[in-house]
Amino acid sequence: MNTSLILLILAIIGIAGYVTGARYSMALVGGISSKLHSRPGYYGSFVAVWAILPAVVILFVWLVASPIYISSSVRGAFPEEVKTQSQAEQGLSYGMITSIARGMNALTGDEIARVENNPVELRAALGAKGVPLAGDPQPFMVKAAAVLNRMTFVSRILMTIVVLAVSIGGAFFAYRQIAPRFRARNRVEKVVLGSLVVASSIAILTTIGIVASMLTEAAHFFTAIPAWEFFFGTVWDPRFAAAGSGGSEGQFGLIPLLLGTLYIGFVAMLFAVPIGLFSAIYMSEYASPKVRSVAKPLLEVLAGIPTIVYGFFALTTVGPFLRDISSQLNGLVTGDYANFIQAQSVLTAGFVMGIMLIPYVSSLSDDIITAVPRALRDGSLGLGATRSETIKKVVLPAALPGIVGALLMTASRAVGETMIVVLAAGVAARLQINPFEPMTTVTVKIVNQLTGDLEFTSPQTLVAFALGITLFAITLCLNIYALYIVRKYREQYE
Amino acid sequence: MNMMSESAVEKALDQKMSDASHKMIGKDVSVYYGEKRALFDVNLNVRENTVTALIGPSGCGKSTFLRCLNRMNDTIENCRVTGKITLDTDDIYDNNIDVVELRARVGMVFQKPNPFPKTIYENISYGPRIHGLSKNKADMDQIVEASLQRAGLWTEVKDRLHESGTGLSGGQQQRLCIARAIAVSPEVILMDEPCSALDPIATAKVEELIHELRANYTIVIVTHSMQQAARVSQRTAMFHLGQLVEENDTDKMFTNPDDQRTQDYIMGRFG
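First to last, the protein sequences are chains A and B. This note's numbering puts the first residue of the first sequence at 132, with every later residue one more than the last. This note's numbering puts the first residue of the second sequence at 517, with every later residue one more than the last.
Here chain A stands alone, though its shape is the one from the complex (with noise of 0.2 angstroms):
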């Protein structure tokens, strides 16, 4: 019985489980649901919970644990001079029998009879039904095959008795229990309960498996290079991962890829901050209902265009404007029509960049300033204050620590912003303070780093892992500094 039927199986146990187990509840107090302690859903509910819950754990568990029991007993059984092969080898072998024991299932009992002392014709009548072997089958491999598959069908069969048997014996002990003080509510909020701590954990857990899995290859990186020479380094030359070569040491330094990220940020954040602000002050204070209620969300649709698009905006639209606009003045000042700016550069990355984080600063700070509670605009109003001086002098200042946790929240955007940077600002490492110049940032270079053939061994590779987990030490400390900041701002109005 597959897997899939086995889970249908399970939620029609559950259901008639639920559907009983309300009635029997009501049926217990005659009718009259008052006298139940729970109603009469969670009886259901309960009787259900128990028919599903370890039947579908058991069944999981299972699922996993069983492929691992059978290889190992199945290696266990390989003839002695196979064992003595190294790892790999041994690894390519069981590959075949799996191949062969799925084969063998699409052969009927007297082809298997034909076929089964002969590698050559096993191999053409298997090649035959779709599954192709690397090489001749080695007679054990055939005997192999057919253990796997015998055993894989037991361990099928157990495993639907078990499950099936769980899930009723579930079912009937959790109806068994059904009595009307027995509290049915707080046994079903509490599995309620558990499932959202797991769907919590779940995001921490990977959140922790991602930084463990940087760190260490991040590790492996800095064993074949000195940490101080990557975050010290001013020189950004990784060469090519020669294959086996293992000797083109590249030179990996960090600060001209560092900066180049915090200068494109710093543009970015120059134009996005007064453009951000000014339209969230308008919105919150100004704005009549209406024209807030077309005008916020316009605002808002400019979150909801995937970066990449900002990024072949700045490609072919921006940056040879820049470009042609910059050949003109130069003409028009000293009569040589040579651009200074280039098409990529530090300004039109930071520019788009910072059009694409207007709608975090405007949207975030709006949201602050309006929590700003109308108690004091009306304290400063009644006093004779005009509009502007009211915002200017109470409403920003009170705001001010929720505003500045808005942008550093946005810095961090900026900093971890990838495919704007990856198309408009070039890909030169260069340690340089002319914005009209190409430079480039972190992430450019983790995915400059990350494409093509790779081996995972060369430092050219890991290198990414290093600048990846720097990147992210950098974002973490700026939202966490945000958090710090927002959270004190809340408690003043508390």
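Keep in mind that the hints were calculated from the coordinates and are not lab data. Glycine included, each C-beta is placed from N, C-alpha and C at the ideal position. Treat the hints with care, as some may be off.
Unchecked claim - On the chain B side, residues computed to face chain A include the following (Cβ under 7 angstroms):
id	residue
1	616
2	619
3	624
4	628
5	632
6	633
7	643
8	646
9	700
10	701
Position chain B relative to chain A; hints supplied.
Frame of chain A; chain B shown alone:
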């Protein structure tokens, strides 16, 4: 001729006296929130150097009327005011009147203490600064001290003028807000249930303060507490369902009101 002029002079004097004693005059004041009418043709005069209490059950329009007196209703979307309100002789809803100037003359203290999240000093100096009432730092110090003294808060806070105003207790915060209103030297002070968020001791202090302020200011106070109205006010106006039911001397109002509804409300039969 002589007779005529004499009676004319007398009439003019009468007129002048009644004008002088009426700091603010509301005539046929109606307020609409969108389609909903909140106030129906209220005629109510506010006498100079008098505490006028506005009482009535919740939603009767007393706060709405109060907020008309310094046009705070302007800050509410789709609120419309009709009728005429004068301050001295100026029609405050006239186009020539600057609402900012009006609010400097008619200050307001709110239901919940709302000190700005700034220092005590900055809370007081905020108003004088935006209206340019002081020439230099010494001048400002003077204003701050005088305002705090009038509000009876000086001795309590003089050592921590540069600490946050939000760190004071509720009652102190409310007196800080009163001091803040006084600092702008208004002619009229409007108070919207100034004690509803305070404990009895703080309430007593604020009431005492209102009593003293009466000498220099005209005060209009909205209150839910009959006792408070009786204690602090000289004139009382009773609102019900958006209408002015009765306006009278406080003593008369609480002993022998003209209107049955006032009697019922004061006796606690409704509201």
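- Message: Does residue 643(B) hold up as a contact with chain A if the rule is Cβ-Cβ below 7 angstroms?
- Response: Hint holds; residue 643(B) Cβ to chain A Cβ min 4 angstroms, cut 7 angstroms.
- Can residue 700(B) be said to touch chain A, with a Cβ gap under 7 angstroms? It holds, given that the least Cβ distance between residue 700(B) and chain A is near 6 angstroms, below 7 angstroms.
- Message: Given residue 619(B) as an interface hint, is its Cβ closer than 7 angstroms to any Cβ of chain A?
- Response: Check passed: Cβ of residue 619(B) comes within 4 angstroms of chain A, closer than 7 angstroms.
- Item | Interface hint for residue 616(B), Cβ within 7 angstroms of any Cβ on chain A | Check passed: Cβ of residue 616(B) comes within 5 angstroms of chain A, closer than 7 angstroms.
- Under the criterion of a CB-CB separation shorter than 7 angstroms, is residue 701(B) in contact with chain A as hinted? violated (11 angstroms)
- Task: Have a go at the residue 646(B) hint: is there a Cβ in chain A nearer than 7 angstroms to its own Cβ?
- Result: Interface hint status for residue 646(B): holds (5 angstroms vs cutoff 7 angstroms).
- Query: Are residue 632(B) and chain A close enough, Cβ to Cβ, to be under 7 angstroms, as the hint says?
  - Reply: With Cβ-Cβ at 5 angstroms, under 7 angstroms, it holds.
- Message: Given a cut of 7 angstroms on the nearest C-beta pair, is the interface hint for residue 624(B) held or broken against chain A?
- Response: holds (4 angstroms)
- Message: Hint residue 628(B) vs chain A: min CB-CB distance below 7 angstroms?
- Response: Constraint on residue 628(B) satisfied, holds at 6 angstroms.
- Under the criterion of a CB-CB separation shorter than 7 angstroms, is residue 633(B) in contact with chain A as hinted? holds (5 angstroms)
Hint compliance for this structure: hint 10 is the single one not met.
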